[in-house]
Amino acid sequence: MAFISSGYDPEKPMENRITDIGPRKYDKFYPPVIAKNKGKWLYHEILEPGVLVHVSETGDEVYTVRVGGARFMSVSLIREICDIADKHCEGYVRWTTRNNVEFMVDGKDKVKPLIDDLESRKFNGGSNKFPVGGTGAGITNIIHTQGWIHCHTPATDASGPVKATMDVLYDDFKDMRLPAQLRVSLACCLNMCGAVHCSDIAMLGYHRKPPLIDHEYLDKMCEIPLAIASCPTAAIKPKKVEFDGKTLNSVEVNNSRCMFCGNCYTMCPCLPLADGPGDGIVLMVGGKVSNSRTAPKFSKVAVAFLPNTAPRWPETTDAIKKIVEVYATDARKYERLGEWAERIGWERFFEKCELEFTHHLIDDFRDPAYYTWRQTTNFKF
Amino acid sequence: MAFISSGYDPEKPMENRITDIGPRKYDKFYPPVIAKNKGKWLYHEILEPGVLVHVSETGDEVYTVRVGGARFMSVSLIREICDIADKHCEGYVRWTTRNNVEFMVDGKDKVKPLIDDLESRKFNGGSNKFPVGGTGAGITNIIHTQGWIHCHTPATDASGPVKATMDVLYDDFKDMRLPAQLRVSLACCLNMCGAVHCSDIAMLGYHRKPPLIDHEYLDKMCEIPLAIASCPTAAIKPKKVEFDGKTLNSVEVNNSRCMFCGNCYTMCPCLPLADGPGDGIVLMVGGKVSNSRTAPKFSKVAVAFLPNTAPRWPETTDAIKKIVEVYATDARKYERLGEWAERIGWERFFEKCELEFTHHLIDDFRDPAYYTWRQTTNFKF
Amino acid sequence: MTKHKTPLLDELESGPWPSFVSDMKQEAEARAKNVNNVEYQIPVDVVEDLMGVLELSFAEGETHWKHGGIVGVFGYGGGVIGRYCDQPQKFPGVAHFHTMRVNQPAGKFYKTDYLRQLCDLWDFRGSGLTNMHGSTGDIILLGTTTPQLEEIFYELTHNMNQDLGGSGSNLRTPSDCIGQARCEWACYDTQDLCYQLTLDYQDELHRPAFPYKFKFKFDGCPNCCVASIARADMAFVGTWKDEIRIDQEAVKAYVGGELKPNGNAHAGRDWGKFDIEKEVINLCPTECMRYENGKLEINNRECTRCMHCINVMPRALRPGSQTGCSILVGAKAPILDGAQMGSLLVPFVEVNKESGYEEIKDVIEPIWDWWMEEGKNRERLGELMKRRGFQQLLEATGIEPMPQHVSEPRHNPYIFWKEEEVEGGFDRDINEFRKRHQR
Amino acid sequence: MTKHKTPLLDELESGPWPSFVSDMKQEAEARAKNVNNVEYQIPVDVVEDLMGVLELSFAEGETHWKHGGIVGVFGYGGGVIGRYCDQPQKFPGVAHFHTMRVNQPAGKFYKTDYLRQLCDLWDFRGSGLTNMHGSTGDIILLGTTTPQLEEIFYELTHNMNQDLGGSGSNLRTPSDCIGQARCEWACYDTQDLCYQLTLDYQDELHRPAFPYKFKFKFDGCPNCCVASIARADMAFVGTWKDEIRIDQEAVKAYVGGELKPNGNAHAGRDWGKFDIEKEVINLCPTECMRYENGKLEINNRECTRCMHCINVMPRALRPGSQTGCSILVGAKAPILDGAQMGSLLVPFVEVNKESGYEEIKDVIEPIWDWWMEEGKNRERLGELMKRRGFQQLLEATGIEPMPQHVSEPRHNPYIFWKEEEVEGGFDRDINEFRKRHQR
Ligand code: SRM
Ligand code: SRM
Ligand code: SRM
Ligand code: SRM
Ligand code: SF4
Ligand code: SF4
Ligand code: SF4
Ligand code: SF4
Ligand code: SF4
Ligand code: SF4
Ligand code: SF4
Ligand code: SF4
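Protein chains in written order, with my numbering: chain A, 1 to 381; chain B, 1 to 381; chain C, 1 to 439; chain D, 1 to 439.
Warning: the hint list may mix true and false statements.
[Claimed, not checked] Taking lysine to any residue and the SDA-like style, the derived pairs with C-alpha atoms no more than 25 Å apart in a straight line are: (1) Lys213/D with Leu226/A; (2) Lys376/D with Ala235/B; (3) Lys333/A with Glu287/C; (4) Lys220/B with Glu13/C; (5) Lys108/A with Cys183/D; (6) Lys12/B with Gly82/C; (7) Lys66/C with Lys122/B; (8) Lys122/B with Glu13/C; (9) Lys112/A with Gly77/D; (10) Lys252/D with Ile298/D; (11) Lys66/D with Lys108/A; (12) Lys260/D with Arg177/A.
Treat the hints as calculated values from the structure; they're not laboratory data.
Everything numeric in this text was worked out from a predicted model, so none of it was measured.
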């Protein structure tokens, strides 16, 4: 493979350089019906799971077919999406904020051929390429992060558990039988790039062992004061260690103060946390983002630890499935998972979902923890 | 005045010493109708403000006449209470948890003579000695503390503002027109001996100036390390000062970190906070203690500062009166003040009560402050 | 009577509410007259001087009392609050002005002979001024001199069979609501539990061995008439396990208007006809009530025993009969870290007179052990709980974690795993790791 | 295709949900075949090696990626995430595996010619693997080598008129909900505001001058479809000031059953006949709605614009016409101090295209100034707000405090008074004090 230059000259990096041009302008990519009716939409309706119609005050309509899929996507697959868009949608397509793909057509008659085309496409392994769904009171795509595919800090994978979970929740991607929308997210470490902190159900990768210390290299590869300062619980202290007859500057970790956040590892590669049996998933529930009815809510920890049982994470998907089913049966129409749990009380949530309440679920992080304890005699037996 | 010994011999303190005998046993002081019906009460009714009847499964009834008054009380007044109890109540009387006095009789016919007697008694200055009231959906006695009568840390008086406030709220002591019970409390400093942190309306004495430093005596009268450690915001540091040609150990206070809590003064008398114009009252609202309907709530700061305008604290009593009147008009039956404010929203509370919202009312104390900011787009204009 | 001019105080003599100023004046006068020829053991003009100090404070807006210093009675670490005036020359009568805390009887019932005896003692050896009562619950005898303290203690114990209450770093005087003595809702005998624990813990009450103060309060039901949940390191709040007892006839009588709701507590205004839907069913926080075809139904499993419905219809509804108490811990005033409400530790425990309340002491004592072991100087139980976490309290008391302990599970994932909980433990070999993961 | 055995990954090929493993395999195959004779600039078997690494992680439960190190394009402080494999000998194709963040168009609309151009470029100079999209919003080009970075940047900017997005301590790629482009509820043009601010703040986006990352997100209404309130240092959420527009005929049609509630979002189950009382009136959090005599009334003054009623009856109700946005600040993920939701700073501001969004920039820039001045290294805006208090943010932005800023006023009384607010100031003379108060 010979190096082919783009025209860039490393000797004169500033020559012809174009910078600060930003993204392409949005309206260059609007399908005509969108360009024409922007700001004029009157209402929408979900015709069937995954299929929306929006009606404009001009009388125009746009039909949207939403398909799910992995946001981890090859150029081959993107090209296939382009083929479909070219064939049915005048060459336009969009992605949603949850990584679904939306194909839009401007007439009802164009919907069925589009859907038929989409649903006919399968991967060699047998799975659907473009399942239609993800609207309304159902389950849409899982927001997630890099996991073992690209990041250095994950405590679980992303694409793997997401595929396993969506397989289990597939029927609800294709249906709208739930009391309200239910949003599932995954973040592979508690940097929470997936922003799972406000999801109805969230999988969060979590370490459970303090960092290993690579004394031999630490002082060479890290700024010791930065590593020490990075620890939110002040668990790290400087320490001299004997190594191969030499005295090296290094650090020590007070294990009992460590909450496995990994912030030290972000600052210093000689403090790795990854550990096969130690790492796994924290299951959180009851968050929401919308302001509808109630203010946005944080997700709460419902299961402190589930193991990384690759490739299908059955413990995790079982727990999620169970929660979804109980919620589906027990909650009221329009009630988000967190609203339901609060109405029936968390004691009932754990009982109904048959989840064990362990000491890990009691907040002990800083002052606000106190406000999550029960400060009333009002409880259910 | 000659010293008269009780029999105690300071040379032999242990001789004949009686200790650890505790209080008198409660049942020795029960009126007969109470002793007989204890645990058998079926229901109660408020016959008129200040007058309760409790009915027992034995068919017995006890009539209680509750009178308000200053808990700061002379032995002359207590003797007068005893006279009344002897005359009407077989020599029994009790105090409530809010410092009202309760006279109990075992027959309805005994009520009116008792009330007539009570209400006929006035102090020389003209005020009532034994006003009947304080029950039901009204205002009862104010829980309070020592103030300028006995304590060394107050930022306001207790008995003074309480008398002034009860004069203003007197009609509601004698009536039951409010949506629910309304509890007023006062604590003269934020040690909060009055436990005003959960009252519908609370007056709290508050300093607004950092401690003065009595360098000349500080090292003699205080343990400097204890004084330093006492400060919750770490505003105090050790300092050497020049005094009269000598170098003395003392402390300095970082004024901008001081929140005027007075904890340093509790530990060290050379750090006094009292300051005429600086000191005054913080008005707090919306707390409750009962678990009825909603969990207990803390009171919230509604007015950051009201001056100590002795003898009648008109700014304070005006603000309280205003809040009570608006609450009386606007709240629903059974709704405690805090429940009302939460239902209508605090923005409406301030508007309706015509109170200014100042920056002081925004929490900035430690991590939990964050949770009191508005984390939703749901607000009223 | 005119030792000091008190123009500001005098203005507090008017108005309908009982005037403490008038009361002081009457007491000052009584002492001056001394019709019974009492041999006052402290200055006869103590009340006048107190008025003088107070007038000065009214004028300046500043207190004139100094730090207490350590005064007390032999062998006790509490019960007396020392107090000195910072202008003793002007007000010699109150130069020393210590208070004594007398342990009130549970329920605050009195017989007048007892009260008169107390008045006589305090007239003789103190200022004749009191607080009935202090906010912890004690009878407060306000103002005497140091030499009188032992004398008063001697007479209290020898003549009145009466002990002092608490102050300092020890158990404080426990107090209670009126409970079964006169209230239909009390789920246990608050007076007896209060009295018995006070007696059993006399040593803790009088001899400071704790990091800081510790308070017990006893409420017969969740209405919390002694505010235990807000003011006690340990709050004992009556509750029940079984079903709310319903008298359907009485329900109908409320609906029909024959019975006045809330024991007539709203009589001061015309609120219109009683509406059971609006006033009871819809205000039930758990939505566990129904009123259909003239019948009230409660789904007791979902009821959180908040008392609202019972409060509103006292003749129709009563707490269940399988009663006991919930224990909440850690309430305190705001110094230093913000106020704390009590947190539920024991959802339900029997209140068992026969066992000498052993089940309850089995909760109290491990808490004290933990707090005495772990608590810093001047650290309240609630602060220790905040600092060390609720989990440690559970471990110390041997109580299993349960969802009833929280209003919601943690929303941060910062879980402190213990080494023994994690497969393979914490000790690993970096070289083994580096075989899998090169630098 | 069989460079590495992937038995674990293979199990993820089954099941209905699109399999990323199958997609990788198809891409690996396409690269191996190379029907278009692309002169791949990075190893042809990059996808196979990635599968190999991933299989190893599946087997061990540990990642095999190392810290990034500083790679990027000249003059930019972000847009590239460096990544190296910790088993480069086993997986040379991914020994370097950097990602590039390409700034997505607002609204994430695309024309296929653009996408194909991007695919060609990434096929040629990268792994052919992407994320559509990253959770901040960028197009993520996953995996290339260091020498390719400048080449890709050059081709992006010269041939595609396309810039990189953000990473590092700077403004991150802003993103938005679909808004007015296809949503009837959008209260302002999210795409235009997103685009315009992205352009106007290119310098902040590419050249790290901030203490840490900073995110903008734009939601057209309080439904928050781009989750701005939970994920952006500054969230711009559409809202309105006037009245919800009601079409009474359509209301009747909902009540009558001709229109399906919630745009048919609940069609998957038979929830029974639509009940306006139960489904709308009683769920309105402010209780400001009434349905009487076939007419819906809203007391708009009490409405908090939560969207519920509009969501349920989209054909009958519409947001008002005096629209603008609320600005909430400080949302962030949990590291280090716990997650934060955005806090309301500006209840309402006009979103004014004509002025070039000056009113909005007048809020943004003072916040940045304050944060750059006061923020510590790696301190998010939300953390600074927590550390310094909401008051300081108000001062920095010149915004008056108002009750809308809080969900409730403080319950602790620990007010930090400023010297200038207090009569007489803080400086006093101890000797003067001692004249009033002796030691
Ligand atoms: C396409 C998309 C916007 C975009 O720019 O891409 C979108 C589009 C719509 N949203 Fe959304 N929402 C989209 C992400 C979100 C998110 C963000 C998220 O999940 O990460 C939220 C906040 C979720 C949360 O609260 O946790 C969101 C909360 C809502 C709500 C509030 C529902 C509630 O009761 O809490 C509505 C109103 C409703 O559904 O009744 C809504 C309603 C709608 C409507 C009906 C708006 C309209 O009139 O067009 C759109 C179709 C809804 C549907 O799919 O059933 N949308 N919507 C996003 C689709 C994501 C996907 O692929 O599934
Ligand atoms: C006498 C006393 C107990 C004692 O041991 O001394 C008492 C007695 C009763 N209380 Fe109480 N409460 C007493 C202090 C309290 C307190 C404590 C306090 O205010 O410091 C509270 C908690 C206040 C709070 O929540 O802030 C209290 C909250 C209640 C409630 C709950 C009301 C609510 O809706 O929140 C009830 C039920 C009701 O009134 O419907 C109640 C009901 C009652 C009943 C009806 C109980 C009964 O059946 O006998 C008694 C007469 C009520 C009345 O006065 O209208 N009692 N009650 C206390 C009288 C104080 C006084 O002198 O005014
Ligand atoms: C007399 C009394 C106020 C009253 O007028 O009723 C009182 C008076 C004092 N309290 Fe108190 N407290 C009194 C009940 C309370 C209560 C209420 C309660 O017990 O229900 C509280 C709030 C509940 C709590 O314990 O948290 C209370 C919280 C404090 C505090 C703050 C403790 C904390 O942990 O936050 C202090 C500060 C201290 O201990 O240094 C304090 C300190 C004091 C001192 C000793 C002042 C000091 O720092 O030396 C006061 C002596 C005043 C004097 O000269 O007479 N006092 N104190 C109350 C005791 C009377 C009695 O025994 O019945
Ligand atoms: C690629 C992406 C995840 C994804 O798969 O989508 C990502 C990936 C990384 N994030 Fe992130 N973050 C990504 C969106 C987010 C989000 C979501 C958002 O922007 O809406 C968050 C939560 C919101 C927030 O900003 O608080 C997020 C919160 C973090 C944090 C925690 C920051 C904090 O203040 O708490 C870190 C840690 C750090 O900065 O050191 C972090 C750090 C990282 C690093 C750079 C790891 C590191 O410490 O060096 C990850 C590089 C992964 C890799 O090798 O590719 N990432 N990160 C997302 C960016 C794609 C894009 O540009 O579109
Ligand atoms: S959540 Fe953590 S592990 Fe996952 S991509 Fe973000 S920083 Fe990496
Ligand atoms: S993982 Fe977090 S808590 Fe543990 S040592 Fe590292 S920085 Fe500190
Ligand atoms: S509240 Fe403060 S000033 Fe008042 S009595 Fe208690 S400690 Fe003294
Ligand atoms: S008053 Fe409080 S905050 Fe101020 S210096 Fe003293 S202890 Fe510190
Ligand atoms: S707390 Fe309950 S039992 Fe005790 S007096 Fe109040 S209402 Fe009665
Ligand atoms: S006690 Fe409270 S929760 Fe229980 S039924 Fe009555 S109102 Fe409902
Ligand atoms: S946030 Fe509001 S305006 Fe934007 S897409 Fe969602 S519903 Fe529409
Ligand atoms: S938007 Fe929300 S608050 Fe306003 S009327 Fe509709 S449901 Fe009620």
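Against the structure, the hints come out as follows:
Distance hint between Lys213/D and Leu226/A is fulfilled; the C-alpha atoms sit about 18 Å from each other, no more than 25 Å. Between Lys376/D and Ala235/B, the direct Cα distance comes to roughly 21 Å. Compliance with the 25 Å bound is thereby established for this hinted pair. Restraint check for Lys333/A and Glu287/C: the C-alpha separation of about 16 Å stays at or below 25 Å, so the hint holds. Using a Cα cut-off of 25 Å, the hinted pair Lys220/B and Glu13/C is violated, with the two alpha carbons roughly 44 Å apart.
Of the supplied pair hints, the one linking Lys108/A and Cys183/D holds, its CA atoms being roughly 18 Å apart against a limit of 25 Å. In summary, the hint linking Lys12/B to Gly82/C is supported, as the alpha carbons are separated by about 23 Å, within the 25 Å threshold. Of the supplied pair hints, the one linking Lys66/C and Lys122/B is violated, its CA atoms being roughly 35 Å apart against a limit of 25 Å. Restraint check for Lys122/B and Glu13/C: satisfied, since their Cα atoms lie roughly 11 Å apart, inside the 25 Å limit.
Between the alpha carbons of Lys112/A and Gly77/D the distance comes to roughly 47 Å, so the proposed pair goes past 25 Å and is violated. Restraint check for Lys252/D and Ile298/D: the C-alpha separation of about 15 Å stays at or below 25 Å, so the hint holds. The suggested pairing of Lys66/D with Lys108/A is violated, with an alpha-carbon distance near 51 Å, which exceeds 25 Å. As the CA atoms of Lys260/D and Arg177/A are separated by approximately 15 Å, the hinted pair is consistent with the 25 Å bound.
Violated hints for the displayed structure, listed by number in ascending order: 4, 7, 9, 11.
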